[in-house]
Amino acid sequence: MDDNSTASRTGSRSDFLSRFLEIETSLYRYVCAVAPVPQDARDIVQETALALWEHDDRYDPSRPFLPWALRVARNKVRQHAEKMGRFPRLLEDEALLDLIVSEGEAHTIGVDGRRTHLKHCLGKLKPDHFDLIEGYYWQRKEVEPLAGEMKTTVEGIYKRLQRIRRQLEACIRMQEEKEFTS
Amino acid sequence: MKNPNLPDGSQLESLVAAYLDGRIGDADWEILRQLLHGKREARDYFRTMTDLHAALLGDSLSAGEALASRDTERLEKAGKEVAVFASRRTVGVALAAAACLVLSLGTWSWQDAAGKVTLARVVGATFDGAAPAVGERLGGRDFQLNGGFVELRFPKCEASVLIEAPASFRVVDHETLWLERGRLTADVKNGNEQGLRVLTPDSDVLDLGTRFAVDVVEGRGSEVHVFEGEVIASQREGAPGDERSLVEGDAVRVALSGISNLNLRRATFVHGEELDRLATPRSSADFEALASAKARMKADPSLLAFLDFESADERSASTGHGVRWVQGRLPGTTAAEFLDPGDHLRLDLDAVTDQLTLMAWVRLDKTANGINSIYHTDKWGKRGQVHWMVQEDKQMRLALFGQSAAQESQWPESKRAIIEDLGRWVHLATVYDAKSATVRFFIDGSFDSEVALDVAPPAVLGPAQIGNWQIANSRFDDRRLSGRLDELVIIKRTMDADEIAAWVEAGSPY
Chain A
1 MDDNSTASRT GSRSDFLSRF LEIETSLYRY VCAVAPVPQD ARDIVQETAL ALWEHDDRYD
61 PSRPFLPWAL RVARNKVRQH AEKMGRFPRL LEDEALLDLI VSEGEAHTIG VDGRRTHLKH
121 CLGKLKPDHF DLIEGYYWQR KEVEPLAGEM KTTVEGIYKR LQRIRRQLEA CIRMQEEKEF
181 TS
Chain B
1 MKNPNLPDGS QLESLVAAYL DGRIGDADWE ILRQLLHGKR EARDYFRTMT DLHAALLGDS
61 LSAGEALASR DTERLEKAGK EVAVFASRRT VGVALAAAAC LVLSLGTWSW QDAAGKVTLA
121 RVVGATFDGA APAVGERLGG RDFQLNGGFV ELRFPKCEAS VLIEAPASFR VVDHETLWLE
181 RGRLTADVKN GNEQGLRVLT PDSDVLDLGT RFAVDVVEGR GSEVHVFEGE VIASQREGAP
241 GDERSLVEGD AVRVALSGIS NLNLRRATFV HGEELDRLAT PRSSADFEAL ASAKARMKAD
301 PSLLAFLDFE SADERSASTG HGVRWVQGRL PGTTAAEFLD PGDHLRLDLD AVTDQLTLMA
361 WVRLDKTANG INSIYHTDKW GKRGQVHWMV QEDKQMRLAL FGQSAAQESQ WPESKRAIIE
421 DLGRWVHLAT VYDAKSATVR FFIDGSFDSE VALDVAPPAV LGPAQIGNWQ IANSRFDDRR
481 LSGRLDELVI IKRTMDADEI AAWVEAGSPY
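Protein chains in written order, with my numbering: chain A, 1 to 182; chain B, 1 to 510.
Hints should not be assumed to be uniformly reliable.
What the hints assert, rightly or not - Ranges of calculated distance between the beta carbons of each label pair, as one might list FRET restraints: (1) A452/B - D128/A: 56 to 62 Å; (2) L99/A - W325/B: 52 to 58 Å; (3) V134/B - Q39/A: 45 to 51 Å.
Said to hold, decoys possible - Covered stretches of chain B, as calculated for chain A (at least 3 residues, CB under 8 Å): (4) 23-32; (5) 223-234.
Derived from the structure by calculation, the hints contain no laboratory data. Note that CB positions come from ideal geometry on N, CA and C, so glycine has one too.
All chains, full assembly: derive it from the sequences and hints.
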């Protein structure tokens, strides 16, 4: 993208932003489902966002934006996979992927308090678990150095991550239930 | 029995976790793929966890951040405000989905996965209801083990699990066992791919490739003891993060009130090596010999006490505190177990005798202060009062007050050590003779040593504690016994080496 093309799109930037923000959550969910490894997901989301921005002129505004964005994302996943030499499992079974996506979109009505609950539940983690989430998800550290820092094995780190995610999910569910019953 | 088929105990959870971390292998992916195709609830769970994963990645994935790098200020600002994590289900839908998942896992987990867990061995095992056969796949059934031992094989994690009666258990799936009561030892060869998980009413024990034991102690919580490797123990209903990472030598009790440290108990648990020895079948002649020996002992006019805890009446009549009735040295029999400081039985005899033989089967662990009390008269200050124990350097000691008045540090002791690391049933006997001024020690029916005394008062037996010695306002520490005690005999005469050897031979579990 050169300076001219950027300038030519200035007028449509707010439209794009509006559309993008509407589908951003779904895009994240999609990419993380297909390419869950943090570094891969991060790269693919960034590449997809840029591609959507750069090719916004190809988008037909009379049609829904999300399917278009997910098609772009799927292509970015493929390109990323070829570059990295590892093919995402879910792309091997597109029927299953479509099923998961379509069922996910069917559940987009109702309350969206889970992120708030997640913040609350993260706050309840004990310090070393919070450190692990920070290192793995936010600082995107490799598992091996994390294992060294935390004086455990690589497998120990994976098991802890599994447990922490389970605890967080249970905590979020409990918060939802409280919200529902109070 | 509570329903252990929680989503978090499932094969699905492990597969999804491996998927999220990018380390799922071909075979496991194929299993996950089939599950996702086959069950709407499985897809809901998958989506829930990938959404959570996405949310945790959220801040670093912000597209606003990405686009901001191309000088798009508004996108940067807006991107950081985006709610990244959204599983936009209504609460009602979420609760319904969770309930469906529980039910669905209850259906397919044992059909598809737990069926691979097999019963590898039984030793003296008796069950409520139909007994499973060796080689049978276990799953979808609750088992009540009334006597003996069973060994389960979990091939996925190359785990061998030894469950000792009395116990109630259920195989949840190929890597998860529900233990409602009883105790087990686990030897996991391969915790790297799929570790073994043990759920109890109080705890959730996740193995990371190791040897450990779990003991569900009714009314007190679940104990976890780690002999090798690493284990994560947590409360079933605890807050997120309330868990302990345990390594070799660590032990905890997980209860409603929290997780507390314990001294490691190793010997009290039966390990695979010992089960090999316990598995040697006893013939009907062996049982007859034991019954005959017991009958003779009970008819001995010199007998003061014989406690084998076999009748319910005897157990219910026992007074004391905190004693737990567990399996005795022979499958299907009963022994007394002492777990916590203060646990004890009372035995109130009234006898003064020049000759005394004390015998018991025990399996012991080290205690905090190093002393395992077997029989202690409450009082210690009158000539002849008796204290029998296994001492901190692991030898058996018989002390009578006034016996060697000026040499309190040199009480008669056996030569051989009693407590071994792996643990096994040991028979202890000591024979006191005031007339010959000697104390003789026997271990497992073999003569160990004889100690000559300078002063040998008659033995005085009065109110006493078994398994502890705790005196209010005493300068002495709580002398608890950590372990099990079976078949205590107190007799007011000396028994000779042949008699003791015959007694042990008749009653030996090995």
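Against the structure, test the hints numbered earlier, and report the numbers of the ones violated in rising order. none
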